[in-house]
Amino acid sequence: MKRCYYFPGCSMAATGKGYQQSIDAVARKIGLELVAIPDWNCCGATAAHTMNERMALALPARNLARAEQDGGGMEIAVACAACYSRMQYARQAVLSSPEKRAEIEAIIDMPCSGSNPVISFLELFSRPELMEAVQAKLTKNLNGLKVACYYGCLTSRPSAIARPDDPENPMQMDRIVALTGAEPVAWDFKTECCGASHQVDAPKAAQPLIHRILTNAREHGADCIVTACPLCALNLDMRQSKIMETFGGDYALPVYQFTELLALCMGVHPRDFGLHTHFTPAVGLMRNALKKGGDQA
Amino acid sequence: MEECLNARSGAELANSIAARAGVKLHECYQCGKCTAGCPMAHAMDLMPRQLVRYMQLGRMEEILGSKSVWLCASCHTCVERCPHSIDIPSLMELSRQAAKARGRVGVKTVDMFSGIFMQNVKMFGKSHEALMEGVYNVTTGRFMQDMENVPHMLKNKMVGIEPHTTNNPEEIKALIERALEMGGEDA
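The listed protein sequences derive, respectively, from chains A and B. Residue 222 in the numbering used here sits at position 222 of the first sequence; the count goes up by one each step and never skips. Residue 12 in the numbering used here sits at position 12 of the second sequence; the count goes up by one each step and never skips.
Bear in mind the hints are in silico, worked out from the structure with no lab data behind them. Fair warning: this is a prediction, and the values are worked out from it, not measured in the lab. The beta carbon of each residue, even a glycine, is placed where N, CA and C say it ideally should be. All the pointers check out, no bait thrown in.
On the chain B side, residues computed to face chain A include the following (Cβ under 7 Å):
id, residue
1, Ala43
2, Val79
3, Val107
4, Val121
5, Asn156
6, Ile172
7, Ala179
Okay, derived cross-link-like pairs now, DSS-like style, lysine-lysine, Cα gap no bigger than 25 Å in a straight line:
id, chain 1, residue 1, chain 2, residue 2
8, B, Lys108, A, Lys204
9, B, Lys157, A, Lys17
10, A, Lys204, B, Lys100
11, A, Lys17, A, Lys2
12, B, Lys173, A, Lys100
13, A, Lys17, B, Lys122
14, B, Lys155, A, Lys17
15, A, Lys242, B, Lys157
Build the full structure now, drawing on both the sequences and the hints.
Set out below in structure tokens:
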């Protein structure tokens, strides 16, 4: 039905494995063909732009160049917030001036015209065409489940690069997840930063960020968090129990990727995308929600 | 390596950083919206608003010696809400690079992590989360950090042992070297 390039990013082979499996499952169900960019490389993430601007643009630009080699101008969908941001930066740099483009081409040693638009997975899935395709494949629902859709920083900001529907109150994920019958709650920390790599290199300073996000979600009645990024999910999920203990929090919120909820409601077996491998137990809530929700009307 | 900036060289550096960030420093009227929304402000020694003020005054010493430029998470909340869209994350980043070029590293672990991350990419063309964390722990002496999660990751095969590289990692290594050879302008 729809075909586009796909940039998975490095996390998908490791901690994002379940996310990748849920993406594959949903794509199969709705006939979405995701063509991995041939021989893609790391986007450089935060580390590259911290150190050197040219390196930070050249690494993702090489991926753009690889994608445009077939000349089709096919869109590139990106499933990780940071990879998405870096790919957008690179594309906009290439398009900004012939000089910048020439400089980047010299570094990557390949032509790069920025011909292929870069879109986030949230943008891809919130298009009417995809929403309808998803809707048509849902066999179960999560009626009554309250979810806090967490967008984080880089799918929302800077808005000139990320091009969200609304940088302060994005709704794309809310709309997608609502297809399952789950009820997205209105909350304050949708686009607050999870601390990203500072959870590793400055944990004392960064841990309060996670505590605040989870506390706010719970205060607004959420049963769980839903994300669209492997690192956001890892930070909120893996670090949760320790942070809850350190700060005396009271949340215990399972963290799902939005594609996991879609896959579940399409009848994909949770083992097939590793629901049992989450750090914060995630199977029980879904089992109960599916039982309560029943089949799609 | 440490070098002191006087009023003149400080102002020159501030202006050059602002120009590269596309920022007109005089546009900041110190409303403080940046600081109000900054998720890392609680840990910073120089608030984002103060960073811009010090740059207006050409007082780069305070900035180069700060922890703040290393703690900025590049979340872009400040610039998004700034009435003049002043690109504070870029000011932070270029100041950090200027500090590093002068041998001044306000938060060593942050600098080490970036270095290890890029070494990883240089070696494989892709990054390996587990390898990175391991090297980081050994380098920083924080041997036990996040180790409680390792059994879970091993059990669920979230730690990749299979090769995960680009077809020709040498190509990425060369790319990174070419970019770095072009320098960081006057950082």
